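In the order they appear, the protein sequences are chains A and B. According to this note's numbering, the residues represented by the first sequence are 1 to 396, in order. According to this note's numbering, the residues represented by the second sequence are 1 to 396, in order.
If you are wondering where the hints come from, they were derived from the structure by calculation, not from laboratory data. One thing to keep in mind: the hints can contain errors.
Unchecked claim - Chain B stretches covered by chain A per the calculated footprint, using a threshold of three residues with CB under 8 Å from any CB of chain A:
| no. | segment |
| --- | --- |
| 1 | 72-86 |
| 2 | 150-161 |
| 3 | 169-181 |
| 4 | 245-251 |
| 5 | 340-348 |
| 6 | 362-373 |
Here the structure is a predicted model, which means the values were calculated and not measured. For glycine and all other residues, C-beta sits at the position ideal for the given N, C-alpha and C.
What follows is the residue order along each chain.
Protein chains: 2
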Amino acid sequence: MKRTSRDIRRGNRNEVLRHVIASSPVSRQELAAVTGLSLATVANLVGELLDRGVLVEVGYEDSEGGRPRGLIAMRAGGGALIGVDVGELRVDVELFDLELRTLDRAVEPLTSDDLQPEQVVRRIVSGVRTVLERARIAPSLVLGVGVSMLGLVEREGSLSVYAPNWNWHDVRLRELLAARLEFPIYLDSQLMASTVAELWFGAARGCQDVVVVTLGKGVGAGIAIGGTLYRGATNTAGEWGHSLLELDGRACKCGAMGCVETYVGAPGIIKTLRDIDPDSPMLLEDCFDTIDALARALSKGDPVAVETVRRTARYLGVAVGSLINLLNPQVIVLSNWVATRLADALLSGMREAIAEHALPRPLESTRIMLCPIPNNPVSLGAATFALEGALAWVRP
Amino acid sequence: MKRTSRDIRRGNRNEVLRHVIASSPVSRQELAAVTGLSLATVANLVGELLDRGVLVEVGYEDSEGGRPRGLIAMRAGGGALIGVDVGELRVDVELFDLELRTLDRAVEPLTSDDLQPEQVVRRIVSGVRTVLERARIAPSLVLGVGVSMLGLVEREGSLSVYAPNWNWHDVRLRELLAARLEFPIYLDSQLMASTVAELWFGAARGCQDVVVVTLGKGVGAGIAIGGTLYRGATNTAGEWGHSLLELDGRACKCGAMGCVETYVGAPGIIKTLRDIDPDSPMLLEDCFDTIDALARALSKGDPVAVETVRRTARYLGVAVGSLINLLNPQVIVLSNWVATRLADALLSGMREAIAEHALPRPLESTRIMLCPIPNNPVSLGAATFALEGALAWVRP
Chain A
1 MKRTSRDIRR GNRNEVLRHV IASSPVSRQE LAAVTGLSLA TVANLVGELL
51 DRGVLVEVGY EDSEGGRPRG LIAMRAGGGA LIGVDVGELR VDVELFDLEL
101 RTLDRAVEPL TSDDLQPEQV VRRIVSGVRT VLERARIAPS LVLGVGVSML
151 GLVEREGSLS VYAPNWNWHD VRLRELLAAR LEFPIYLDSQ LMASTVAELW
201 FGAARGCQDV VVVTLGKGVG AGIAIGGTLY RGATNTAGEW GHSLLELDGR
251 ACKCGAMGCV ETYVGAPGII KTLRDIDPDS PMLLEDCFDT IDALARALSK
301 GDPVAVETVR RTARYLGVAV GSLINLLNPQ VIVLSNWVAT RLADALLSGM
351 REAIAEHALP RPLESTRIML CPIPNNPVSL GAATFALEGA LAWVRP
Chain B
1 MKRTSRDIRR GNRNEVLRHV IASSPVSRQE LAAVTGLSLA TVANLVGELL
51 DRGVLVEVGY EDSEGGRPRG LIAMRAGGGA LIGVDVGELR VDVELFDLEL
101 RTLDRAVEPL TSDDLQPEQV VRRIVSGVRT VLERARIAPS LVLGVGVSML
151 GLVEREGSLS VYAPNWNWHD VRLRELLAAR LEFPIYLDSQ LMASTVAELW
201 FGAARGCQDV VVVTLGKGVG AGIAIGGTLY RGATNTAGEW GHSLLELDGR
251 ACKCGAMGCV ETYVGAPGII KTLRDIDPDS PMLLEDCFDT IDALARALSK
301 GDPVAVETVR RTARYLGVAV GSLINLLNPQ VIVLSNWVAT RLADALLSGM
351 REAIAEHALP RPLESTRIML CPIPNNPVSL GAATFALEGA LAWVRP
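Generate coordinates for the entire structure from the input sequences, incorporating the hints supplied.
Listed below in structure tokens is the structure:
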């Protein structure tokens with residue numbers, strides 16, 4: 001994607017907003033200091049955001065003898081945002097104020113006979129109506145609905161969803177939703193939503209070059225360059241789950257062999273567990289339950305669980321080491337439910353393998369950490385797309 | 001790296017220059033059409049470059065009844081640029097005019113007792129003096145000397161070279177050169193030089209998201225995002241040679257196992273040849289000679305050579321497939337001497353493996369091709385850094 005001075009202005013405005021959200025109330029001087037922008041640029045951007053009702057003046061602070069400095073904050077009630085996470089098992093709909101604090105949340109289950117586009121649209125619409133009614137938010141306050149989809153959300157001319165697990169090909173989900181919802185719709189992939197959440201609210205705030213490794217049933221690596229999402233030619237960048245880990249290794253559902261996903265995605269971890277103990281009582285019918293059982297056994301020091309996580313951490317560490325060599329990022333964040341469940345055991349286990357594979361020089365300049373966002377980063381990231389979208393209009 | 005509106009202006013100016021170099025003489029209207037910039041922006045940038053003596057007005061063209069359009073061209077004699085490629089075996093020094101046409105070239109051999117920083121500096125200085133004298137170019141015309149180094153050229157505060165093969169650690173090569181040469185010095189890595197050459201003069205001209213795979217003794221993947229080099233946190237992005245190809249595979253000199261370089265770098269290809277036929281007459285003492293012998297035998301249909309290249313192409317294809325999935329680029333260019341020697345056999349051999357490993361959607365949007373630059377792309381890229389550097393000063 002080509003960048004213009006308008007992109008730069010948007011990027012600067014988003015960076016100012018991120019800091020206001022993180023540390024309201026705050027002065028223009030402090031914003032200039034933390035963002036590295038000039039005071040004039042900050043004052044100009046803050047002026048625009050005050051005019052548009054996103055920010056509000058909230059008083060003054062002493063500045064040690066100088067003129068008192070005006071303080072600004074997000075105008076929390078100035079609008080509402082909705083973030084939707086369409087996942088494997090359910091649709092998670094969250095309503096946020098402009099500080100991205102959760103006002104309400106609705107969960108709509110998905111069952112395997114329920115996965116046609118029209119049915120998923122019905123679930124999303126139902127969740128949106130529920131949260132607005134329960135929180136008594138007038139629809140006119142809603143600035144937009146961000147929707148995160150699993151699978152690929154491709155941009156070739158128009159936007160379409162490709163989700164092979166659900167047999168979705170070129171589904172125009174945005175149009176389907178726009179026909180049922182009166183709000184602006186911002187559709188993107190789960191990987192992009194997870195990555196933007198880290199940039200705005202998580203481990204990557206203020207960072208330039210970032211990789212967000214998401215570990216679920218599928219596996220991805222969201223990339224940010226210069227503090228901005230990297231999308232690639234058709235918005236499918238980050239399909240790291242289908243990078244090679246082992247030549248002619250495990251068969252992947254994509255048709256190739258040895259993909260990273262077949263080792264460190266949930267089904268891959270379960271394969272490792274089965275290799276170690278084919279009769280393990282941790283092996284349950286559902287993959288979410290199995291990973292939960294593994295996490296519980298791990299906390300009790302069960303040797304099969306320990307060995308399963310040790311091998312998984314080694315696979316993951318070697319693959320992450322390759323990413324460090326290729327992309328030389330400032331920070332790598334581990335996100336999504338498998339990372340949350342196995343957390344510190346995975347993180348500490350992978351450090352040795354990373355050191356084994358990454359070149360010492362880029363490794364020195366990379367921090368590796370777990371996603372610090374306490375709630376669902378995907379619906380939060382989706383709502384962030386709605387905030388970015390609502391602000392995308394730039395004053396002439 | 002963080003981008004500012006000044007970076008955007010530089011990027012636009014570089015894009016205008018690339019098109020002028022490619023298709024002089026050219027009108028402002030045509031430049032606006034090919035770059036997608038407004039006519040006002042193009043006129044402004046062209047005005048700056050005319051003032052600075054880089055461009056020159058060369059007449060008018062008819063515009064089918066409208067006002068005649070002014071034509072501009074590079075002012076070829078308005079300055080000179082020097083590009084230096086410090087390689088494994090020699091220092092290649094090229095003198096260019098402002099259209100980046102070669103005026104003269106000097107080759108200084110490097111021998112294994114000759115690899116201390118002071119000795120390499122002496123070779124570079126000698127080559128620079130030689131080309132200037134022979135071409136009778138006044139030193140005052142030289143806008144800068146770009147120097148490409150093998151190994152890592154790191155930016156952490158200041159710039160230093162790390163070349164483990166030569167036992168160079170934190171060598172301040174730019175300072176050493178600046179003490180001996182009166183010109184501005186622009187130091188960068190071979191990978192960055194190869195990539196910028198493709199952006200300006202090669203297969204990536206006009207492209208946004210690009211990967212340049214360099215195949216030599218070492219292996220790398222230079223990355224451009226939004227038409228600009230991606231450097232990473234400390235300028236070491238692109239160390240793709242040390243991505244994983246096979247878990248616990250061949251031992252790499254970096255200390256890890258199974259790195260891409262150990263399969264598709266020249267010594268890796270020779271290892272494959274030796275695995276197939278330990279007594280092959282193609283196995284010569286020097287790795288350059290061996291790859292040459294392999295290329296000759298390949299052109300005669302020698303079955304050992306065919307099998308060696310078939311396996312190499314498969315390794316390369318699977319690894320490039322991983323890159324396509326991760327980065328979703330518009331174009332992948334194969335560069336450097338191993339790619340040049342094995343050329344079409346490698347390219348056609350790898351297509352099957354790429355299709356085997358890359359996801360169909362990103363693969364559809366990626367072109368894969370050989371470097372089309374007829375001369376040494378590394379010294380050309382180094383000279384391009386000098387041109388970019390000389391223009392980095394922006395009018396207030």
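**OP:** Count residues of the segment 150-161 of chain B with a Cβ under 8 Å from any Cβ of chain A, then say if the count reaches three.
**Re:** It holds: at least three residues are needed, and the segment 150-161 of chain B offers 3 whose Cβ sits within less than 8 Å of chain A.
Original post:
How does the coverage statement for the segment 362-373 of chain B fare against chain A, requiring three or more residues with Cβ below 8 Å from a Cβ of that chain?
Top reply: holds (count 3)
Original post:
Within the assertion that chain A covers the segment 245-251 of chain B, do at least three residues meet a Cβ-to-Cβ distance smaller than 8 Å?
Top reply: n = 4 at 8 Å, threshold three: holds.
Original post:
the segment 72-86 of chain B covered by chain A? Criterion: 3 or more residues, Cβ-Cβ distance below 8 Å.
Top reply: violated (count 0)
Subject >> Given coverage of the segment 340-348 of chain B by chain A, checked by CB-CB distance under 8 Å (3 or more) >> reply: violated (count 0)
Subject >> Outcome, coverage of the segment 169-181 of chain B by chain A - at least 3 residues whose beta-carbon is closer than 8 Å to one in that chain >> reply: Answer violated; 0 residues pass the 8 Å Cβ test.
Checked against the numbered hints given earlier, this structure breaks hints 1, 3, 5; the rest are met.
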